[in-house]
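Residue numbers (the working numbering), protein chains in the order written: chain A, 1 to 238; chain B, 1 to 271; chain C, 1 to 238.
No lab work stands behind these hints, which were simulated from the structure alone.
Nothing false has been slipped in among the hints.
Some chain C residues close to chain B (C-beta under 10 Å, calculated; not the full set):
(1) 54
(2) 58
(3) 87
(4) 89
(5) 185
(6) 189
(7) 203
Even for Gly, the Cβ is constructed at its ideal location relative to N, Cα and C.
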Amino acid sequence: MEGLTVLAERKQLVGPGDVLAEGPYFAGENTYREGSKIFASRVGMADVIGNKLIVMPVKGAYIPRMDDIVLGRVFDIGMSGWQVDIYAPYPAMLPASETPMHRGRDSVRHDLRSIYGVGDLMIAQVIAFDRTRDPLLTTKGRGLGKVTSGRVARINNTKIPRVIGKKGSMITMLKKETGTDIIPGQNGVILVTGRNPDQELIAVEAIYMIEREAHTTGLTDRVKAMILERMKGITVGQ
Amino acid sequence: MSATHQPSPVAKLEQKTVRDLILKGKRIDDRGPLDYRPLTIMLGTVEKANGSAQVYLGKTKILAGVKVQVGTPFPDTPNEGILTVNAEFVPLAYPTFEAGPPDENSIELARVVDRGIRESKAIDLAKMCIDPGKKVLVIFVDVYVLDHDGNLIDAAGMAALGALISAKMQAFEVKGGEIKYKDTKIPLPMQNYPVPITSVKLDGSIIVDPCLEEEQVMSCRLTVTTDKDGNVCAMQKGGLGVFTPEEIKQIISSSVNKSRELREKILSKVN
Amino acid sequence: MDGRRLDELRPIKLEVGILDKADGSAYIEHGRNKILAAVFGPREAHPKHIALADRAVVKCRYHMAPFSTDERKSPAPSRRELELSKVIRESLEPSIMSEYFPRSTIDIIIEVLQADAGTRCAGITAASLALADAGIPLRELVAACAAGKIDGKVVLDLSDIEDKKGDADLPVAYMPKSNAIGLLQMDGSMTEEELKQALDMAINACKTIYDMQRDALRRKYHIERDESETEEVTEVKA
Chain A
1 MEGLTVLAER KQLVGPGDVL AEGPYFAGEN TYREGSKIFA SRVGMADVIG
51 NKLIVMPVKG AYIPRMDDIV LGRVFDIGMS GWQVDIYAPY PAMLPASETP
101 MHRGRDSVRH DLRSIYGVGD LMIAQVIAFD RTRDPLLTTK GRGLGKVTSG
151 RVARINNTKI PRVIGKKGSM ITMLKKETGT DIIPGQNGVI LVTGRNPDQE
201 LIAVEAIYMI EREAHTTGLT DRVKAMILER MKGITVGQ
Chain B
1 MSATHQPSPV AKLEQKTVRD LILKGKRIDD RGPLDYRPLT IMLGTVEKAN
51 GSAQVYLGKT KILAGVKVQV GTPFPDTPNE GILTVNAEFV PLAYPTFEAG
101 PPDENSIELA RVVDRGIRES KAIDLAKMCI DPGKKVLVIF VDVYVLDHDG
151 NLIDAAGMAA LGALISAKMQ AFEVKGGEIK YKDTKIPLPM QNYPVPITSV
201 KLDGSIIVDP CLEEEQVMSC RLTVTTDKDG NVCAMQKGGL GVFTPEEIKQ
251 IISSSVNKSR ELREKILSKV N
Chain C
1 MDGRRLDELR PIKLEVGILD KADGSAYIEH GRNKILAAVF GPREAHPKHI
51 ALADRAVVKC RYHMAPFSTD ERKSPAPSRR ELELSKVIRE SLEPSIMSEY
101 FPRSTIDIII EVLQADAGTR CAGITAASLA LADAGIPLRE LVAACAAGKI
151 DGKVVLDLSD IEDKKGDADL PVAYMPKSNA IGLLQMDGSM TEEELKQALD
201 MAINACKTIY DMQRDALRRK YHIERDESET EEVTEVKA
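Sequences are here, hints too, so could you generate the full structure?
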């Protein structure tokens with residue numbers, strides 16, 4: 001396409017200030033327009049979708065989006081809800097009214113603590129977030145709520161798509177080969193639950209391997225090979 | 001830690017007023033882009049100090065005091081006197097000035113004024129030695145900001161210069177490594193007269209001597225300190241905006257020019 | 001003095017992403033300067049009252065290790081370090097698209113491990129890379145270098161010995177794409193002509209350093225995208 005630079009055309013690595021295109025294009029995620037040109041604002045891979053330029057970032061802070069599933073840790077309890085650390089620049093809030101246990105009674109701090117205490121981990125969904133206020137969470141929904149067992153892996157949120165894989169191919173393989181259940185939070189926090197801790201450990205190692213080698217090809221096969229190798233000394237409880 | 005400043009308490013409309021005028025080539029107080037506000041310099045207002053100068057630049061008011069005392073030299077310059085410049089943003093000068101240790105703005109101001117005096121070798125520090133390696137004279141320049149209406153650096157630089165030029169110290173001679181004071185008073189050994197000129201970029205226009213409203217709306221500033229021979233002895237860019245190289249060169253030229261005018265004003269006060 | 005041409009840079013080595021716990025980091029060796037820069041953020045503002053409603057607060061700390069200079073330097077921040085923290089912040093902040101992260105802070109930490117003149121410039125060069133490494137959206141990178149005057153001649157990139165003997169020092173931070181100067185200081189004595197010459201010399205050096213910065217980013221993330229097939233990567237929302 002005319003106006004696209006080589007960087008954008010060949011889906012190359014770009015950095016802040018690199019020119020991606022000139023002309024009638026739209027500046028998508030992680031790009032910006034100045035005059036007639038569109039520039040990258042973050043390190044990542046340039047891509048073109050229609051006539052929109054984007055950069056898929058290599059690394060960065062998690063910025064919550066509506067409907068994201070996240071894993072968070074309670075760090076404070078207020079009058080009507082909990083303050084949850086979702087490993088983002090903004091602390092999230094889970095109002096008591098957004099938990100399934102809530103029956104419309106006045107919440108007293110004492111009662112709240114019996115649902116979630118400080119330090120508890122939860123799976124929640126983002127129901128509101130904008131520039132003027134902190135993200136709002138809910139735990140009303142299937143699969144949401146307190147996490148009581150399993151292991152947590154924390155990776156950069158930009159690598160979550162890689163852990164899931166195209167049409168879920170990577171995560172399906174991970175679950176099958178390690179015999180664990182894996183829930184990836186969009187904020188980079190992943191919960192792994194298995195029958196025994198050895199399986200969980202292997203799954204976690206696999207996840208970190210994916211994060212480290214996200215840029216390479218043939219990753220799914222290599223991760224699978226690593227898992228099979230490690231699983232060999234373990235009694236699997238299916 | 002240096003942190004982004006809180007926004008100034010100026011409404012968008014008030015900012016717009018300044019901006020719109022600038023676009024028309026005018027300033028909020030009717031000055032031209034190269035005009036300084038009315039400048040008043042009074043020397044010797046604090047008799048107990050060795051030297052003092054009070055500068056009114058528009059509504060900005062700064063008092064600088066000079067004290068000369070005996071002290072120990074720095075190990076790497078055993079034969080030279082010491083110059084030290086400090087600035088206080090006195091709480092009475094502006095509603096948000098707080099008492100306490102100097103903040104980054106007052107430290108920056110003090111260091112820029114210091115650089116001008118030091119790098120131009122305005123004071124012949126070699127003449128301030130009493131006992132090499134053991135005793136020298138220390139010149140304390142304290143800049144006291146009394147009323148903040150913009151362009152504190154220039155006003156401070158001029159006040160410091162005025163205080164130094166008009167300062168009087170006890171004549172002395174050195175006998176056997178001891179200082180012996182004589183009856184007469186002599187001026188400090190001054191040999192240069194640095195003057196800072198601050199320009200500010202606002203919506204693409206460059207203006208000198210910003211008043212407070214202009215400072216609150218500015219993009220960035222550049223202070224250029226020039227000595228009596230037209231040499232530049234200090235420069236400091238400040239603010240979150242940026243300059244092009246061409247703008248910098250333009251400002252350097254106009255500052256070197258402008259400093260002559262102001263230097264004359266200051267020197268004429270002494271004589 | 002050390003055998004370089006008048007307009008020759010001291011050797012520079014750059015490395016990106018060397019610290020594990022910082023969100024972004026970079027290490028620079030510029031002549032005998034050895035400086036580490038790290039970035040945390042965007043993250044929650046502490047204390048809350050310094051937060052700005054419409055953009056991130058950028059905090060910057062320039063500090064010299066006690067063993068970094070010929071004479072041991074007290075670890076307490078000196079007036080010089082406070083001034084430099086301010087001017088360095090003012091050179092980097094224009095490149096940061098801080099309006100993306102209201103009510104948060106971005107912390108830049110520069111530690112000089114070994115000093116040999118030109119530390120603030122080397123610090124800026126490294127800090128800009130650390131910001132990019134952290135995935136913070138930037139307009140472009142900021143490169144910095146100092147010019148000066150010794151024995152009446154305008155010269156580039158003074159070392160410590162040269163600086164002590166020299167007649168003037170002019171540190172400059174520059175963004176090539178925007179043709180913008182974010183840091184400019186000078187001390188010494190120069191005629192207008194010499195000053196303009198030194199400025200041009202420093203800007204040219206900044207352009208060279210800018211290319212080195214982009215190269216350093218490429219080396220760190222180069223293999224990240226070079227071979228990747230787009231099939232492997234998807235944007236999936238849980």
